Amino acid sequence: MATVNTRLGGLIAWIDERTPLTTTWKSATRLAGYYAPKNVTFWYFFGTLAIVVLISQLVTGIFLTMHYKPDASLNESGVPLAFASVEYIMRDVPWGWLIRYLHSTGASALLILVYLHMFRSVLYSSYIKPRELTWLLGMTIFIGLAAQTFVGYLMPWGQLSFWAAQVIVNAFSQIPFFGPDFTLWLRGDYVIGDATLNRFFSFHVIAFPALLLWLLFQHIPHTVKDIRIFLGFLTVCVAIVFYLPEMGGYFLEYNNFTQANPLQTPQHIAPLWYFTSYYSILRAITYPLFGIDAKLWGVLGMLAAMVIFALLPWLDKSRGMSFRQKGPIFKVALAIFVVSFVTLSYLGTVPTDPLRLLLAQICTAIYFAFFLLMPIYSRMDNPRGDAGRSTR
Amino acid sequence: MNKLFLKLMLLQLLFVPLAAIAAGAAAPGVAGAAGTLINLDHAPDKSHDQAALQNGARLFTKYCLTCHSASFMRYNRLRDIGFTEQQIKEELMFATDKIGDPMKVAMRKADAQRWFGLVPPDHSVTVRARTSALGPGEDWIYTYLRSFYRDPTRPSGWNNLVFQNVAMHHVLWEFQGEQVLEDPLSKTYKLRLAIPGKLTPAEYDNLVADLVAYLKYMSEPSAGLRKELGVYVLIALFVLLAFAIVLKPGSVKLARRP
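Protein sequence lines correspond, in order, to chains A and B.
At position 9 of the first sequence the residue is numbered 9 (the working numbering), and the sequence of numbers has no breaks.
At position 177 of the second sequence the residue is numbered 177 (the working numbering), and the sequence of numbers has no breaks.
Chain A on its own, in the form it takes in the complex:
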């Protein structure tokens, strides 16, 4: 072991003489020397787990790309090639079904972890000075991940892939001035079609992953390692992959086992669970205001709901650093926010009716109030006496 270490050290020294490897590592990433909080708890593991899942997504993605065909033309049985190639992976590619389920479950797992990771940051006010940039980079990663899963969801070319893309892309066309041109470029056509599938494939396998990896290198301050947490998480994921790959229609929607049909609109269109809260907000905003169409307000509301997290470092005035040091008002506000977020997520998965619409509108109001009123209520709290202890 000692000789291996010496040899490795020799190798690094050899490389260091020729290229600035170690110095680049130290200067370009903050993995090398960044102050980590000393009060690491259970909540601190989600970021590291998310990296593990991301790597799994990259690896399974490589193998899926070997067999997947981003082609919307019909084969001789009248099935789009893209849809058929996914079923080909499920049946004819050795272990293809496992790789596909790992990838589809991984996408949902990644979003769960990212949401929990963000929740941790709010709990511990992880974004306040001097970590604003880390938080903003993280937010950029979150938006990038949303874009990545959105384009990825078109790949199976099922009914919901097609119609969810149709709804969201059309929503962008509501943005004044550049909206229509942007959506035309995004689709590469006047309708979602083969051109859209091809460019979304290109985004999904190279553009967004490359961007995400680069952002990630800038974002990660440190990693936490605990084999027990890792194995526990892996066990849960594996149980889902082998026994509940569809997760009751939340990870793989049943209607997506029907091939995309541009001539037949499904009765109920919903994105996958991780976007349904924003989708609910899109549907909940039904009033035209200041002479602007309700549709545009809906789109703005949806986008704002995703981006508003970025303002947290300047909205949060609470003086307690960790959750237990925070006062009761902040805790209650956060609890109400989480409930309304979950309610919105649920409402986005079901067809809407007047009562549900009202509930979605109330939750939308709570959603934005949580952020916009934060400078007021987070100041009202009296922090416990040991504020700032964790930084000493």
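Quick caveat, the hints were computed from the structure, so don't treat them as lab data.
In this text the structure is predicted, and so the values were computed from the model without any measurement.
Take these hints with a grain of salt, some might be off.
Under the rule of at most 20 angstroms between Cα atoms (straight-line distance), these lysine to any residue pairs were calculated in the SDA-like manner [claimed, not checked]:
1) Lys104(B) with Leu74(A)
2) Lys225(A) with Lys248(B)
3) Lys248(B) with Arg228(A)
4) Lys109(B) with Glu76(A)
5) Lys317(A) with Lys331(A)
6) Lys248(B) with Phe42(A)
7) Lys104(B) with Ile89(A)
8) Lys190(B) with Thr200(B)
Using the hints provided, position chain B relative to the given structure of chain A.
This is chain B only, laid out in the frame that chain A set:
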């Protein structure tokens, strides 16, 4: 202190179902296309019954495969459910002579369009696609295939309670016989067996259950292996996890470089 925090989190989770119930209370009973209230019958689970699966495969290739393709399913995959290659060639392959071929139909699409008004859908993944708020896809097909009734207003002479005005006619009618609406004027939508078929109702239900079991198998042929393998993978992970917990490889450690 951490416990208090956990309690708070758990308390918070209690609110979640409340909110969901509030939203769900508005859900109406799911109505069929023509206002019929559908209650799906539960399809018996025959996924481990090889004889039933084989019977289902025979029924599918004989009665369904004339119009409905299963273009993702290859004939030689039927070895999964206990057929020999010779059996597949002699008893199941009518449209091709290559055992590695997928199950396609000989009918031309233009003809199908002219005869039925649409191309009959491919059935490779129908069971998965038919899963909905009503219930699992196998229940839908099981109920559908038992809900045909005589309707003189339809071009085929048949209608269906689960799928109103469906283009398909009752292919298995000689087994089931002919059902009619008990009272066409009322909204009860109950069926009565007017002319008995070759099989008793119980026998017919069993036949449909076999066919549905096969369709379910075909919608994910790797499901059997998946569930079998899952046990071993989970056991291995639990053992590793147990070791990790017992041996406690240090408490939380930060990977910080100097």
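How the hints compare with the structure:
no.	hint	in the structure
1	Lys104(B) with Leu74(A)	holds (15 angstroms)
2	Lys225(A) with Lys248(B)	holds (13 angstroms)
3	Lys248(B) with Arg228(A)	holds (8 angstroms)
4	Lys109(B) with Glu76(A)	holds (10 angstroms)
5	Lys317(A) with Lys331(A)	holds (14 angstroms)
6	Lys248(B) with Phe42(A)	holds (16 angstroms)
7	Lys104(B) with Ile89(A)	holds (19 angstroms)
8	Lys190(B) with Thr200(B)	holds (18 angstroms)
When the structure is compared with the earlier hints, no violation turns up for any of them.
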